[in-house]
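> Quick mapping for you: the protein sequence lines, in order, are chains F and C.
The number in this note's numbering is simply the position in the first sequence, starting from 1, with 3 added.
The number in this note's numbering is simply the position in the second sequence, starting from 1, with 158 added.
Hints were generated in silico from the structure; no laboratory data involved.
A hint or two may mislead.
Dumping the calculated SDA-like pairs for lysine to any residue here, alpha-carbon to alpha-carbon at most 25 Å [stated by the list, open to error]: (1) C:Lys294 <-> F:Lys119; (2) C:Lys294 <-> F:Ala57; (3) F:Lys119 <-> F:Leu71; (4) F:Lys119 <-> F:Leu34; (5) C:Lys294 <-> F:Leu62; (6) F:Lys137 <-> C:Ile228; (7) F:Lys94 <-> F:Val141; (8) F:Lys94 <-> F:Gly83; (9) F:Lys94 <-> C:Glu180; (10) F:Lys94 <-> C:Leu182.
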Amino acid sequence: MELLTRLQESDFAAWVASSPSLLAYPSILTLHTVGMAIVVGTCVVMDLRILGVAADVPLGALRRAPRLVWSGFLINAATGFALFTTDAEHKAMQTVFYVKLSLIFLALVVYARIRKLVFLTPAPVPSSMSVEAKALAVVSLLLWTGATIAGRLMAYLL
Amino acid sequence: MDAFIEAIRATQISESFRNQVEWLWPLCESLHFLGLSLLIGAAGFFDLRLLGFMRGVSLRSAQRFVPFAIAGLLVNTVTGVIFFVSQPQQYATNPSMWFKLLFLVVAGVNVLVFETTYRRRLLALPADAEMPLSAKVIGAISLVSWFAVLYFGRMLPYLVPNPRSGV
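Let the hints inform the model, and build the full structure from the sequences given.
Structure representation (structure tokens):
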């Protein structure tokens, strides 16, 4: 708890929270949304492909998708931390915050599993996806949807 | 502009949105965020191919994600209209809103130029084709304008105080 207080009272948190500059809180928050669009957008496209959309897009085309996912994730880990410092004591008490973090963690675990299953298997990729891959793609869509909603609700729930 | 804002606020639908249960605004915001991820993910895939990434994917195949971008855009149009109708004073005179609309128009005109002038020629290209300059310019304009729409949308509460929305 003391750590959270110190975080919230740091010069950095004060700058993020109360600098009149649009580069402070507003732009950090906006970057957090940009990162979300990159991570969730890329994962959704991959999930749709696994579920049979654009079946003629070769899977190899998505080989470099992890770079997008991880760069979006890094943007959001950094901007998310900066946003957290401005309201650390409160956010650390919010159930919905932990729900959001858990959903993101699970979504990334599912993403890594899908990647291993579909993209890193040496065997030639069959024309139709395995049941496991399709099930994971559905779970991935649900987890990212949940994480997005939980993130939005952080502004509304206590 | 004040008369315009008042006229919208006075409508029954605007009032019923405002008096709506507490969950209407957060629900629409959540849908708006999901819609933007779908739009940027699906349109972004096509744009990246136009820019020359993912050689081996034909534009014809990449195009199959486009209906999902349109679905995201529809969700965001409906939820966006709900935001505007319920609290027009937050948007009508907000410079961020004008920039957002400007980039929506840029994105729309860019789609029209693609559809009317370049679509047939570009879609006929083989899957491993290097993209011509025209394709790259259209892809770049699209990607930049969708992210600009997102940027100015997210900045809306910071150019006009927004009593209803959270942060």
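> I'd like to know which numbered hints this structure contradicts. Please list them from smallest to largest.
1, 4, 7
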